[in-house]
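K.L.:
What follows is each chain in one-letter form.
2 protein chains.
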Amino acid sequence: MDKDRLILITNDDGIHAKGIEALVNVAKSFGNVVVVAPTEGQSGMSHAITVKTPIRVYKHGKNGNVEKFSCNGTPVDCVKMAMSKILPKEPDLILSGINHGGNSSSSVLYSGTMAAALEGCLYGIPSVGFSLLEFSKDADFSAATFFVNRIIDNILRRGLPKGVCLNVNIPYLKAEQIKGVMVCRQNHGIWREEFEHRTDPAGHDYYWLTGTFEDLEPHATDTDEWALRNQYIAITPVQFDFTAHKALHTLKQWNWNDGTTD
Amino acid sequence: MDKDRLILITNDDGIHAKGIEALVNVAKSFGNVVVVAPTEGQSGMSHAITVKTPIRVYKHGKNGNVEKFSCNGTPVDCVKMAMSKILPKEPDLILSGINHGGNSSSSVLYSGTMAAALEGCLYGIPSVGFSLLEFSKDADFSAATFFVNRIIDNILRRGLPKGVCLNVNIPYLKAEQIKGVMVCRQNHGIWREEFEHRTDPAGHDYYWLTGTFEDLEPHATDTDEWALRNQYIAITPVQFDFTAHKALHTLKQWNWNDGTTD
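So the sequence lines, in the order shown, correspond to chains A and B.
Quick note, my numbering runs 503 ahead of the 1-based positions in the first sequence.
Quick note, my numbering runs 503 ahead of the 1-based positions in the second sequence.
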């Protein structure tokens with residue numbers, strides 16, 4: 504344990520989730536840990552920030568080298584609050600998760616877990632989001648933590664490329680069934696919505712958002728989806744530069760000053 | 504007006520915002536318009552989806568070739584609901600905005616306006632988010648709509664590259680002061696938080712999230728920030744593939760199977 508090292512941990516399942524406890528138990532052997540996590544679950548909140556309601560912070564006490572706070576906002580609010588008001592100095596590492604449920608392919612867009620990591624990356628801090636492919640509250644994180652430990656150790660020794668954070672997805676298998684780590688790109692897939700229609704007691708319609716995932720490139724072998732289907736841990740480097748650089752040239756050729764209004 | 508063309512419009516300021524009305528007024532000359540916008544303002548909601556509370560849809564009637572609905576969810580919920588339950592067929596174009604306030608640089612990460620466009624892009628529909636650099640409710644959209652008209656016309660005639668949507672930011676100037684359109688990349692900048700501390704009547708602390716923007720590459724001349732500072736409309740192509748492709752090679756060289764747990 505490096506007593507000069509400060510690690511910030513957050514998640515989107517809330518401070519009481521089993522996954523964040525598993526992550527804290529790994530991280531505390533690497534340095535001092537401060538947890539700033541949502542008071543309640545914030546799944547699907549993506550990179551949302553709270554601008555219309557007040558944000559409150561609650562102290563959950565200190566145990567050894569682990570200090571815990573919760574915040575009634577989103578995962579990104581938690582990172583901002585930690586960086587701005589709670590941490591005594593810039594953290595050396597920001598960890599998010601371990602999420603109950605996968606965040607591969609286009610799920611990265613909706614993921615509060617990964618948004619927190621991206622926010623850390625914006626600040627220039629090495630940041631990693633971890634997700635386990637099992638949604639249940641009582642998921643077994645023991646195999647996951649074995650690999651999370653290795654991954655954190657690797658990152659602390661090598662650092663991460665500038666402007667890049669990691670999206671780590673772990674299949675829900677026993678440690679000996681996991682074939683290793685694969686560095687891969689984000690799969691192209693979408694969630695096909697199936698809004699479930701119901702009627703409330705007053706006779707008004709409402710919907711629950713559900714959906715099924717469709718892999719739009721099922722034959723690709725270099726994607727996170729392929730890795731996970733084939734018992735590998737998928738590590739996808741993720742960036743906050745959303746520019747479609749390959750499209751810049753094409754779009755610059757357009758004459759944007761023509762049009763029906765000429 | 505092409506009566507076979509279907510245009511979906513949403514925003515993040517809510518169905519009653521002046522900016523969406525301005526966008527509808529432009530779009531209805533190009534085709535049939537269906538508005539599915541948040542019932543209330545949803546600024547800063549990014550790509551959030553509503554999974555914990557029911558979603559309701561409200562009809563706001565039809566006027567000529569414009570039909571309006573609102574949805575109590577996020578901008579991304581609106582797009583999903585429109586695609587899944589409301590529209591009679593796939594739209595030919597998805598427009599989001601015109602946002603009251605800019606969405607250049609890293610603001611794209613927090614923006615509900617741009618998340619709606621990205622969601623449309625995931626579905627393979629040409630999608631554009633428009634933002635005006637003026638937050639006020641009563642902002643004057645007349646210069647903006649002149650250029651929005653041209654941009655929509657351009658896109659309808661040419662289509663957009665696959666997997667790419669556009670982030671269009673418009674300076675708050677008179678039409679004759681705007682020098683034209685610049686296709687540019689997303690600036691690297693961050694919001695420095697300044698949580699404003701207050702105490703409620705019961706004596707408990709709370710915070711309001713505020714912040715100031717810091718441009719981390721103020722000398723770059725190919726960014727959206729540069730374009731806007733220099734009186735250009737900034738058009739940034741945006742993609743939903745968040746993979747840091749340049750980092751893939753480096754990370755593949757790491758021996759991920761070493762670590763302190765060996």
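Please note that a few of the clues may not be correct.
For identical chains, the list gives no copy identity; a pair is met inside one copy or between any two copies.
[As the list claims (entries may be wrong)] In the DSSO-like style, the derived pairs of lysine-lysine whose C-alpha atoms are separated by at most 30 Å in a straight line are: (1) 531 <-> 755; (2) 571 <-> 749; (3) 665 <-> 565; (4) 755 <-> 677; (5) 749 <-> 677; (6) 755 <-> 562; (7) 755 <-> 682; (8) 506 <-> 562.
Read the hints as simulated data drawn from the structure, not as lab findings.
K.L.:
Please flag the earlier hints that this structure goes against, numbers listed from lowest up.
P.N.:
Structure breaks hints 2, 3, 5 and 6.
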